[in-house]
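Assemble the complex: chain G is given as a structure, and chain D with the ligands must be docked to it using the hints.
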Amino acid sequence: MKQTVSIRGSAHTDLIHDSAIKHVSGGADYCDDIAEPIGTLHAYFGTAKVAHATINSVDLSAVRAAPGVVGVLTAEDVPGVNDVSPTGRHDEPLFATEKVEFWGQVLFAVVAESRDIARRAVELAKIDYTPLDHVIEADEAVAKGYPHVTPPMTLKRGDVAEGQAAAAHRIQGQMRIGGQDHMYLEGHIAFAMPGEDDDVIVHSSTQHPSEAQHMVAHVLGVPSNAVVVNVRRMGGGFGGKESQMNQFCAVAAMAAKKWQRAVKIRPDRDQDMETTGKRHDFVVDYDVAFDDEGQIQAVDNTFAARCGWTSDLSGPVTDRALFHADNAYFYPHVKLQSRPMKTNTVSNTAFRGFGGPQGVVAAERMMEEIAYKLGKDPLEVRKANFYGDTDRNLTPYHQRVEDNVMPRLVEELEQTSDYQARRKAVLEHNAKGGIIRKGLSLTPVKFGISFTATWYNQAGALVHIYNDGSIMLNHGGTEMGQGLNTKIAQVVAEAFQVDFDTIKITKTTTEKVPNTSATAASSGTDLNGMAALNACEQIKERLVRWACDHFGVEALLVEFAPNQVHVGDKTFTFGEFIKQAYMSRVQLWAAGFYKTPKIHWDREKGQGRPFYYYAYGAAVAEVSVDTLTGEYTVDRADVLHDVGKSLNPVLDKGQVEGAFVQGMGWLTTEELKWDDKGQLRTHAPSTYKIPLAGDVPREFNVNLADWSENRELTIKRSKAVGEPPFMLPICVFEALGMAVASVADYTECPRLDAPATPECVLMAVERLRG
Amino acid sequence: MQTRSHITFLLNGRTIEINDVGADDTLLDFLRIDQRLTGSKEGCAEGDCGACTVLVGRLTAVGLVYETVNACIRFLASLDGCHVVTIEYLGGPNGRLSAVQQAMVEHHGSQCGFCTPGIVMSLYALWMQHEQPTVKQVETALQGNLCRCTGYAPIIRAAQEVTNFGTPSAEHLTTERDSVVAALNSLRDGKRVEVAKDDSRAILPADVDDLAAVLETEPTATIVAGSTDVGLWVTKFLKQLSPAVFIGQLDGLKEIAVTEDAVTMGAGVTYTEAQDVIAEHYPHLSNYWDRIAGWQVRNMGTVGGNIANGSPIGDTPPVLIALGASITLRKGANRRVVPLEEFFIAYGKQDRAAGEFVESITIPRVSTGHHAAYKISKRRDEDISSVAVGMTVQVENGMITAAVLAFGGMAATPKRAAAAEAALVGQPWSEATLVAAANKLPEDFQPLTDMRASADYRMKVAQNLFRRFWHETTGDTARLASA
Ligand SMILES: Cc1cc2nc3c(=O)[nH]c(=O)nc-3n(C[C@@H](O)[C@@H](O)[C@H](O)COP(=O)(O)OP(=O)(O)OC[C@H]3O[C@@H](n4cnc5c(N)ncnc54)[C@H](O)[C@@H]3O)c2cc1C
Ligand code: FES
Ligand code: FES
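Protein chains in written order, with this note's numbering: chain G, 1 to 770; chain D, 771 to 1253.
For the record, the hints were derived by calculation from the structure and aren't laboratory data. Every residue, glycine too, gets a C-beta built ideally from N, C-alpha and C. Please note: incorrect hints may appear among the correct ones.
Computed, partial: chain D to chain G, Cβ under 7 angstroms [stated by the list, open to error]:
(1) Tyr922
(2) Asp1153
(3) Asn1234
Negatives, chain D to chain G, calculated, CB over 10 angstroms [what the hints assert, rightly or not]:
(4) Gln899
(5) Gln913
(6) Leu916
(7) Asn955
(8) Thr990
(9) Lys1006
(10) Glu1025
(11) Glu1030
(12) Asp1031
(13) Tyr1058
(14) Val1195
So here's chain G without its partners, still in its complex pose:
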């Protein structure tokens, strides 16, 4: 008799995070929780206390002499190459040699019997510098003729001069957009164990084990096959562990090999924040021409980014800023230029959105400018500029927008959030002229999915079925809280029609799947889910072929039913079926592979199809602002977000909520401040303020567009969710702007810079009051 029950945890169902029970009970192991072998040593970085200087001398004798210190490592001790540049530009020495290029740069590492000894010992170094002038701001770098860290990019379509000439209005302005520290709760860490010959195993908290592996090999001067990098889970990554773990992994591995003991390195929070990269700060010069209806005719924008002392990932980050400088809007004539500027700051890196948010927020600034200039509701201006379906659908990079669901999303959200009535109420409230002003704003997000470096769009997975029917799943993606492992296990559960619990999710290791891409660009599930599915399909195909032979039935009569397999009129439990297959010598494991179809990109020409598809979303926020102090609260936020046909709606919703609050932090209280000497002064949670529970919108309605399906053949027609919702809270930022603008009766664009701290808000209020 066939059973009609379904499996537990198939695709498209709500399922708790696979580690949830371990999370709440303290049983989930992070890198620092791994039991240390006897004799484990601890390394710590000695860093520069000057922003830009030539190094005259380095005296580490007192460091070496400190009790408990085993030794120090400097550039001279590097057996391979003293470089950890993730893009092969060879511009990022692991240890500084002649020059210091930012405050916090690594000069040496000390290795000691305990972390406490190592931390104290680094303070004993005597370093003599000759200071040089330093540059912190991107526009200052432009003005002072600092170089680009990586080649800039230009996107162009149409004729900007022609568009400007035909337009009734033109506004030029500048917007400063602050960076953001990742503030993952678990900081950087690497833990290396020496092996025989050249071998070394490194446990790390990294989104990119393959790169850590390659970089360790590069620094040690050994082939990649000597190095294994493992990560079970991270306590948050957000892009901050895509390349920044390299220096920690390399030093731990070097020390482990040199002293033949396990070596751990874990910076304290201050060093983590001083010495590892952040979201890029941008200065955007915009020039927008538009007609009386508010429709844009021409856009000519320049995006200067504070990249820091090396390129790191600044090339693709600044490229992505341009790819998102249109957000959801059609620009008939457009020219966008990036300026990836060198500065004497830590090298900025990936962070959720990867430059996209800075592009999007600048696009939204232009919408605001147009609305204030024409005295319109900014929402009207936004709608007037949305991409069309069949025409007005060409992006500045010449990809056609073919899956545009924005008009429908925005219309639904406008209704469900009661936008029009609330806008009226807000206007009425402000008209009374009280101290507390309100603002309301609805902003859209369109976000391109795929790595723009086309070759990264590949993935591998390894699926084993053991002869008792239990399954082990391994893939190239890394788990940092996003629920990647859960979602992929759901795909596997569904493929074999077994309960989710049948599947064991293991750590990510370069030993099982090689040459993986970073778990980044929101692509983790898209790529690795497909690779895992491919592995399952291979195994299933073998099983079906065997069952046909063995039982003499047609392939059609072999059916994977919930926890059972039907073969003709016979029914087996999954375990029995697998056992028999094993006895008949069927290969019960497979390596799966996937590469994203359709995409291509010619950076020189600025043309191609860099993105497989787009994810969409929109949000409305209502805020209250105290015009005496600049303090504010977010009273309500409504979100409608498109994740295609969700693999796990409740986890996806969690990503949307989390991204919203994180994005709000970026645009409100998270402020990076450098002092005159070029030292970052906000380098711990005591001074760098990410949102707390009390900052969450009082009323927070988050919904997924349940009607959406990816029109491309992605994993189960779902869409990526990691990054796109990060830009939803731009509505909070614009709502703050509206409240501020009310003090001048909305006649002037408030031109808030980001982050809009209470100070920034009060100063804007004062400026507008004149």
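The following block gives chain D with the ligands in isolation, referenced to the frame of chain G:
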């Protein structure tokens, strides 16, 4: 005085007895490294993220009380006689999930999970007090817990529905309560504790007189109360404290006396312990109090420490100066009373002699006048003030007869605004008078620019607060509902 040379406390279900304890050994390192209880995490080692949150139970005048604390800045020596409960023990010895943990699972309150143990501990402590907490109570309980992944929404939902998963009376910590009380009682021997590791010494005096005696012989010792300042000297600045004299365990410094004229509290009273009496007698401080640090820090930190620390950005000095508070300093058997405003001499310099300690704080009760306390910070909760102010104005027949305006964050010490006060006294109580006084503020202060705020903002906002003061005393809405 009899001494003991080890500390004893309960850790989850076991009794711990150790003698090699240094002054600056932290509880978190003890848990993670020595005990391999790795469920408590280190996210910042400065009391700001809450990933290290554990419960500390101690016997008080009202019985056994469990409070959340930051293990990263809590010193091991201070735990003598306490019950430390970590995430590993919350469900009891059999490893079941407590109701709070179940609620967090079912509501998807964890993503990366690194903040989760700490959040569970805070929610647990909250639930023990309020079975069905309001959103406001949840937010307050979580002021000291950062989560970078979830956006808190699912955590707040979980916190409000814990009751669907169990009742506090069925929880393990409730059912074993009597035996814990008995065990803690048996640890009390009334002795001074002196422990050391290598040359790092920690002393726990037996009572307040003993403290006075210890400080006579160790006048340069570091006094450690709640360690919410001192802890960071160790974890962030690698300072060595020895010899350290711990005072958080002294019942004699925890007394609160309310007389007709004043409230007097011992220097060891924590923010949490003071909350009720503050709210009752100085209602304008009630919300302000909840905006000092986060819950864990308020459970440890003392008002005495906030004052003795002498920081120009401490939140209690301005508002207490505005109320005319004074402190009692003691050295040996000698006591002297100092008006609080006179205690702060210059940046880093207070009117306290070596071997002298703050014994108590006396705050006059208020019957007449307008009183306000405002805190301005970049983030509303758990942030250091850009500007803090306490304002007291007496009005008779529409005329201002007296004014005390004390500011933090505007000068090198907590300081009164003499020129602005002078502009008030003798003038009619009106918005114009307040604005005129605000205009005098640049004569009183030349604030600094730092990472928290610019000099311009500090001045502007300080001046604008005079207008808030006026509007609020006349019943207008002049601040956000949550401020
Ligand atoms: C995360 C975090 C957030 C914070 N937020 C705020 C905030 O919002 N507002 C604010 O004002 N503060 C804040 N603080 C600091 C605040 O908690 C401390 O100033 C606290 O009040 C000090 O009390 P304590 O008992 O912890 O003192 P300790 O740290 O133990 O001691 C502080 C100083 O006072 C001395 N001392 C303590 N007691 C006595 C005594 N009886 N006699 C003589 N000397 C003594 C000590 O020797 C030391 O010099 C924060 C701290 C942290 C870690
Ligand atoms: S580790 Fe962050 S508060 Fe203790
Ligand atoms: S779940 Fe990752 S920090 Fe809270």
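Checked hints:
Against a cut-off of 7 angstroms between C-beta atoms, the interface hint on D:Tyr922 holds, since the closest Cβ of chain G lies about 4 angstroms away. Taken as an interface hint, D:Asp1153 checks out: its beta carbon lies about 6 angstroms from the nearest beta carbon of chain G, inside 7 angstroms. Annotation: D:Asn1234 was flagged as interfacial toward chain G, and the flag holds, the nearest CB pair being 4 angstroms apart, inside 7 angstroms. Every beta carbon of chain G lies more than 10 angstroms from that of D:Gln899, the smallest distance being close to 17 angstroms; the non-interface claim holds.
Residue placement check: D:Gln913 does not keep its beta carbon more than 10 angstroms from all beta carbons of chain G (closest about 6 angstroms). Taking the minimum C-beta to C-beta distance to chain G, about 6 angstroms, the non-interface status of D:Leu916 is violated against the 10 angstroms cut. Distance check on D:Asn955: its Cβ is at least 29 angstroms (rounded) from any Cβ of chain G, clearing the 10 angstroms threshold; non-interface status holds. Distance check for D:Thr990 against chain G: the nearest CB is about 22 angstroms away, which clears 10 angstroms, and the non-interface claim stands.
Here D:Lys1006 does not stay apart from chain G, with its beta-carbon only about 7 angstroms from theirs, under the 10 angstroms limit. No beta-carbon of chain G is positioned within 10 angstroms of the beta-carbon of D:Glu1025; the least distance is around 32 angstroms. Taking the minimum C-beta to C-beta distance to chain G, about 37 angstroms, the non-interface status of D:Glu1030 holds against the 10 angstroms cut. At the 10 angstroms boundary, the C-beta of D:Asp1031 stays outside the reach of chain G, the nearest C-beta of that chain being 34 angstroms off.
For D:Tyr1058, the non-interface assignment is confirmed: its Cβ lies about 14 angstroms from the closest Cβ of chain G, beyond the 10 angstroms cut-off. With a cut of 10 angstroms on Cβ distances, D:Val1195 stays outside the contact zone with chain G, its closest approach being about 24 angstroms.
Taken one by one, the earlier hints fail for this structure at numbers 5, 6 and 9, listed in ascending order.
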